[in-house]
Amino acid sequence: MYRYDEFDQRLVDERVAQFRGQVARYLAGEIPEDEFKGLRLRNGLYLQRHAHMLRVAIPYGLLSAKQLRMLARIARDYDRGYGHFTTRQNIQYNWPELADVPDILALLATVQMHAIQTSGNAVRNITSDHLAGVAADELEDPRPWCELLRQWSTLHPEFSWLPRKFKIAVTGAAEDRVALKLHDIGLQIVENADGERGFRVYVGGGMGRTPVIGKVIREFLPRAELLAYVEAILRIYNLEGRRDNIHKARIKILVNQMGLDVFRERVEREYESQREPALMLDEREIEDMKAHFAPAPYAPDAAPADLAVARATLPGFADWERQNTRPHKQPGYRVVFVSLKAPGVPPGDATAEQMEAVADVAERHSFARIRATHDQNLVLADVREDALVNVWRELAAADLATANIGTLNDMICCPGLDFCSLANAGSIPIAKQINDRFDRLDALYDIGEVQLKMSGCMNACGHHHVGHIGVLGVDKKGEEWYQLTLGGVAGGDGAALGERLGAAIEKARVAEVVEAILTQYVDLRRDGERFIDTYRRVGIAPFKERVYGRDQESKHRPGSLAA
Amino acid sequence: MDVIRNRSIVPDHWRHELAPPEALATADIPPGDVIVTLERWLADWEQLLARGTPVGVRLEPDDDLAALIGCELHELWLVELPFATFAEGRGYSQARLLRSRHEFHGDIRAAGDVSRDRLGFLERCGFNEFALPEGRSPEDALAAFEEIGPRYQPGSDRKAVVAELRGYRRHAAVPSAA
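First to last, the protein sequences are chains A and B.
Numbering of the first sequence is given in my numbering, commencing with residue -13 and proceeding in unit increments.
Numbering of the second sequence is given in my numbering, commencing with residue 333 and proceeding in unit increments.
Hints may contain errors.
[To be verified] Below, in silico cross-link-like pairs of lysine to aspartate or glutamate (EDC-like), each with a Cα-Cα straight-line distance of 20 Å or less: (1) K151(A) x D449(B); (2) K276(A) x D123(A); (3) K151(A) x E420(B); (4) K52(A) x D63(A); (5) K491(B) x D(-6)(A).
[To be verified] Short, incomplete list of chain B residues facing chain A, as computed with Cβ under 10 Å: (6) R339; (7) V342; (8) R383; (9) G421; (10) Q485.
Simulated from the structure, these hints should not be mistaken for lab results.
Yeah, the Cβ is synthetic: ideal placement off N, Cα and C, and Gly gets one too.
Required output: the full structure, derived from the provided sequences and hints.
Structure below.
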């Protein structure tokens, strides 16, 4: 993984010192509240419902065991003993004291981490494929490009006061595991007819109040031109994007209002005028950056292990292996998912002890590296097959081996009304309600792959637009109600936005309605069809009918679930 | 009142004359160094230059930068870019274009919400003059420029970027225009 050199370290250290000064001046009454808000947000510090929240960047989701131990230490010493992994591969602390935050940032800097640009109207953490470097369907590891973008975007002098936040995702794989088309810019590594590597560039995707699927602005961008071209897009956005209305300020609105062709022409014209040599990557720089992400030193003698006996004799192992591990491109290795979706725990939360347990397992079995996923789990990417049983045992001992990856209970969930001052409704209590209703793993396995994504308000931090089942919390005269959508897809074989099922559901019945939807699916499915396949074949009508009865657009009626 | 110019504190010798031309004829503007609207500059630049004293233009974020560039830009002593609110950020790109692409050598002034934490960013985009909000100490603000040294991005100040210090991008080819 990337290691800071003297320049990277100096920048982060000086940033900590700067923020320490700002906090001291604020606490001494020398900086007004409003101005301090702008300063703290630039360092990832929000003020939420009960306390401050600090969001720490995990660049493209990659952590060393040492870094994860530091995150655990911060959770223990400065928070209430846990942290929350987010959909953008970051971690949030919900209870830090303002006066402690400079010390927290100083500790992070000792392990080459920071909270720069995890909020505010700037380029946010660059996200990437949690299977980067180990997936068989990958053309090239995207992380060197993420790191080049991370550095380019850090404290960018021109683009730190954008109209709104800006999110970039990069993938090098055929299957989209990064929600490429739901980012302000999505970059996919591709090869042209001459065998040269470059990027297909998507622009103008996003969720929030106005979900939009991103569009291709450039079919092939030569790789050396990455930073220069992204800079041209950002300049047009910075100059032309709306600033009069926070809900219309994202680049997706600008692209839609201008039209893709006009926007593209503006960007290309800007790009041709720019000619900035200091933005053109040279081959040596690219190769040196790639060397930071060289494949792990895999054991040459690793071979596919025979786990038949373990599967037959260790209760739970076979389910875990099937659900929570994935193929690795290196023979004899598997990718292991660490489930942060144990029943009764808010999705994405991990205690300090759990983080340390994962760091231990990573050091013993996965080259001391951990990845955070956008589904709010962790991944140990390089586990030898003959170590799987031990890894399973060690994770299970820390309650991190719930065999539910890819199932209904592996849901994405925002912090919701329990923490967030924007939320209209709770998310975590609904997650618990669903967990309680679907508490038998064998029933979950029968239902198969379903992505349930839940947001406590229309800002869509829980990605409800792209859930196979999306749940959106809404406020109805002071009560929490829930709007369901079906058929959303974040990536995979093609992004799609979910379709509204019908009138909002009262809080107490959300899990019951989810069950009705899934019962309908089980009744309708043909051999091997996943929920999303059946949905695509039959459309939304049968599900509407199941939930609301034949009187389609009617209000949700108790009793219509009696099937 | 004082302003920061090239990292020194100097008296502000400029006066604003931002009334629309129909409210005040250019001939009636009192003598002295004056900052006018883009509208007045486009209409009366010959008359303004004939005064023989320095002229500046205040370019509002919504104003047409291309119009300014196309109208005797290099006769101006100063371009002022105002930041009406904390959220305003267009001036960063406008200054960058004026300074780097159009090689404007006059002063570029930031006015309005010029809080301390903007200063380093503004300077790297080509601003060299800063009119701080009332009540802010320019002496204190001077310390803000050097708070963070390393810079990953090229700027109008021409300082070396980290990649160059690492020995990269020195002879990088620039793609030719199509």
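Cross-check of the supplied hints:
no., hint, verdict
1, K151(A) x D449(B), "holds, 18 Å"
2, K276(A) x D123(A), "holds, 19 Å"
3, K151(A) x E420(B), "holds, 13 Å"
4, K52(A) x D63(A), "holds, 16 Å"
5, K491(B) x D(-6)(A), "holds, 17 Å"
6, R339, "violated, 16 Å"
7, V342, "violated, 23 Å"
8, R383, "violated, 32 Å"
9, G421, "holds, 3 Å"
10, Q485, "holds, 5 Å"
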